[in-house]
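Chemist: Residue numbers (the numbering used here), protein chains in the order written: chain A, 1 to 292; chain B, 1 to 256; chain C, 1 to 314; chain D, 1 to 234.
All clues stand as given, with none of them false.
Footprint (simulated), chain C over chain B, 3 or more residues, beta carbon under 8 Å:
1) 76–87
2) 92–102
3) 105–116
None of these hints come from the bench; they were simulated from the model. Each residue gets a CB set at the ideal place from its N, CA and C atoms; glycine is no exception.
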Amino acid sequence: MDTFVIQLLGGLSKGMILFVLASGLSLIFGVMRVINFAHGSLYMLGAFLAATVGAQFLGMGPSGFFLMLLLVPLIVALVGIVMETTLFRRIYTKEHLLQLLLTYGLTLLLSDVVRMIWGGEYRTLRQPDFLRGGFEIVGRKFPIYGLFVLIIGPLLALGLWYLLNRTRWGRIIRAAVANPDMVSALGINVRLVMTGVFALGCFLAGLGGALVAGQSAVGLGMDVNIIVEAFAVVVVGGLGSFGGALLGALLIGIILSFGILVWPGGAQLLPFAAMALVLIARPWGLLGRPER
Amino acid sequence: MTILSIEHLNKAFGGLQATNDVSLSLEQGELSAIIGPNGAGKSTLFNLITGYHRPDSGRVIFNGRDLIGLPPHEIVRLGIGRSFQRSNIFPRLTVFENVQTAVLSHYQQSGHLWRGTSRFGKLNEQVERILHSIGLWDKRARLGGKLALGDQKRLEMGLALALEPKLLLLDEPTAGMSSEETASTVALVKQISDEFKVTLLFTEHDMAVVFGIAQTIHVLYYGGIVASGKPQEIADNPEVQKIYLGEKDAKSRFRG
Amino acid sequence: MQTLRTIPAWTWGLLAAVALAGLSFVLGEFQLILASQMLIAGLFAMSLNIIMGFGGMVHFGHAAFYGLGAYTVAILAKNYNIPLWVALPLAPVVSAALGAVVGWFCVRRVRLYFSILTLAFGQILYVIVLSVAADFTGGDNGIHGIPVPEIISSARNYYLFTLLIFTLCFVALFIITKAPFVLTLRAIRENAERAQFIGVDVRRHQLTTFIIGSFFAGIAGGLMAILNRFVGPDMLFWTTSSEPILGSLMGGMFSLTGPAVGAALLLGLHLFISQYTEFWPTVLGILTIIVVLAAPTGLVGLTDDLPRAARSAE
Amino acid sequence: MLLQVQDIHTYYGLSHILFGVSLEVDRGECVCLVGRNGAGKTTTFKSIMGLAAPRTGAVLWKGQPIQGNPPFAIARSGIGFVPEERAIFPDLTVWENLDVAHKLGTDGRSPWTVERVYEIFPRLEERKNQMGGTLSGGEQQMLTIARTLMGNPDLLLLDEPSEGLAPLIVDAIGELVLQLKQEDVTILLAEQNLHFSLAVSERAYVIDDGRIQFSGTTAELEAHPEIIQKYLAV
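Bound-form chain A, shown alone (with noise of 0.2 Å):
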């Protein structure tokens, strides 16, 4: 029973991590149409930048560490607006597998450029002191920092369907989604909200690089684990939901938490097992529509 809790905290606060990472993901998509396979890069730089500058501000205690958690996405925002003007701005209207193409040219680019910055060795965060230790729960312990990623994730997804369903810049998304053209021609500015979309996305993989930062190492290669990872959470909840999202991400991170104790060697292979049940009985995901 013990064993369960812990692993079920331990899965759910992963699962965060990844929905902090899907729901930007899915966003992109909602509003360009474009799957960004840079998101994993531009989540490691996150991290890195977290791992090295965001480290400055710990000395500051909490307020140094909100900073930091807010300063990092700020920079890998900025980095997807260069991006978003400079080159994703052409493809919009191109066939698909252009698109596809840039951003995988994207991805290679950057983590490459990740490693001339930092190099090949590993990196970790030190935690927050009022973030460090455990605390006990049913008899065991459980890291504080765990707890923390864990209240953070709830808090982001109601601000994000808040964001999205309550507010006229939610509707303006959603409407172009269904239809940017349209939107435009009631006077509204889509490329500014595209823009906007893409940089609040790109915030969201810096934010989940930096909150990964100071739960386990950094390195080079968390780029494609996790961009796969997140792949895996998208087709299961499906592409463009946003309860989807949630839904998905907190299922992989809590299949892959208990994979660890049934099958510790091949524990990342069961993400993928449940996506491919997915694709057998729900093609287009568990809370995703069927393409017409």
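Based on these hints, arrange chains B, C and D on the given structure of chain A.
Modeler: Structure of chains B, C and D alone, referenced to chain A:
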């Protein structure tokens, strides 16, 4: 002999009842039209017949066989061809290759891995025949996507004909055409029904076309069939006049 | 007067093959190994391009099937002492069989989803080779010292052997591209919905394409394993897929020879640039972006030549 | 003149659609552009709106050239576009559809509010929390018009409001156009339906094959049955 019979067909999308208890039947060799305002469910009905959508309830019987649940490509192989409202061809294949692909598919050669396409003599003659009858032989080497709209719709019909269908569904064959193009398309439709002896079911907005060539007309309104009958009966049907044609209009159109 | 265009394609092919064979008497050992690598890269790119160029399915996990071919040869020859003449033909069979399984899932979804799924499944196979099946595959270390029969152990003989296999594969692929199979595949790429309505079983056709592509990737992988006498998990890693993708993009995705030439040139560039910098992926990434942005109306422009080429071949 | 379209040529890719179309609309007028399917009506509207910029020629709005400006800038300068395909946002509620479109008029005022729109379209108020995609064709048409009004435009481009609707609904839409005229909304209307057009507008342009073939008052058009026969009869 009845070739197609549709029985109590229903389909809803979200809250919208797109097809509402539709029943109709087609006789072998008949030339019939479905009319009705946009959004009345004409395209949905075609999608249901050809297996692109699955109905919520009801049956579609073609030559004694229930089609519900079959994938589109199998329904095509049973002998139902279809052309689309927006021209729907293979834009970066030549006109010849467009029809050739359809003919090869009809003769179950699509998966052939080693014999060159130019060495299917008999089938290529068939392609040539079809291109002649749709009047595109001279343009056979052009890319489909570079044809004028009218020619694309002819090619579209050529694709359907290549399957030697027993039943051909045409979705607004004259949509977006000039009056000359419309006239030649109407002639083509008539020619097809004579030459290839197929049963034709088409949707159309242009009442002159409908009343000019259809032997039977079905009126679809908000997903349901309001009336079916000969053109004269439809023109005289008070309910149809009220909801769709407008009394005066219908008569003058019919005379014209 | 006979113009260049009216000379049948096979004449050119024969001339090219003879010229390539002739090279073996001119080149030194290092160049012969490089030339063999180029042929293998070309074959790998062609195998991908059947799926991506003719089939329009952007495949990001193709390296897995290349790697599987390589591991099949390595495991059979090294771990079980099975003669290479048996192990090598089994490589494409294993790749194609796994291609059938993976492809079955991937073709259930189109476009973006297809690409996502190929990347995901490719990574699964990578993880299996890297850790799950490490007892067989040597995990991170890979498998060294694959025994090679005497007759193809010299650089020249191996080059000629590779050229022979390459030529056979090229001819096979050439025949397929002229057959109804690829015509129908192109039709599906153009308009899958319409293809259904002329009676084509689109998914089955795409799955067959996936299997064919995996088959030839397996041959390329097997050849590479013998050339290097070594296999490592990196052969399955997704970045390994990037070179044939960019090669196809550079060479022209709607032809058979284009991707082979593009990939071979890219390999040359890789070796050349590696002398100066270790950041080859950066170069590759920038090149990919440039090629994508430079393609004027997408890659559509390139296809307009295809019908003409097809006609001249008739 | 509020709007002057001067000799515009518009292309879609390689195909030449408009061949020197010119027309004018003055404040307070209701002008119709009639022609068959494919005659170039929608392309003319899209050219004005910046959704398909003309290659040559000029579009003057309140005397200023606007051709080549992005659609959102043109919309902000006071032109409201009601597309024929009823591009409502299906996953937004009726109210959200309206809210997204809200902006002030060019004079900084906002005579059109959600409440005013509901007064004219009581049906929409009944369905304000329903998703746009679940409305019927006629209701979607009303929502499209209402949504554009929310932007407080000086000119309304109405593209085939009667298309594909049952006659009863067409009548209702006609009533609505007359009502909008009383509200001093300037309207440029594209139609295939001649009766509908003549009933609501004062002046008419007949377009065919991407060229203006006739211009004059609606009375003059009615006095030329041969023109009607040649360009408009089906």
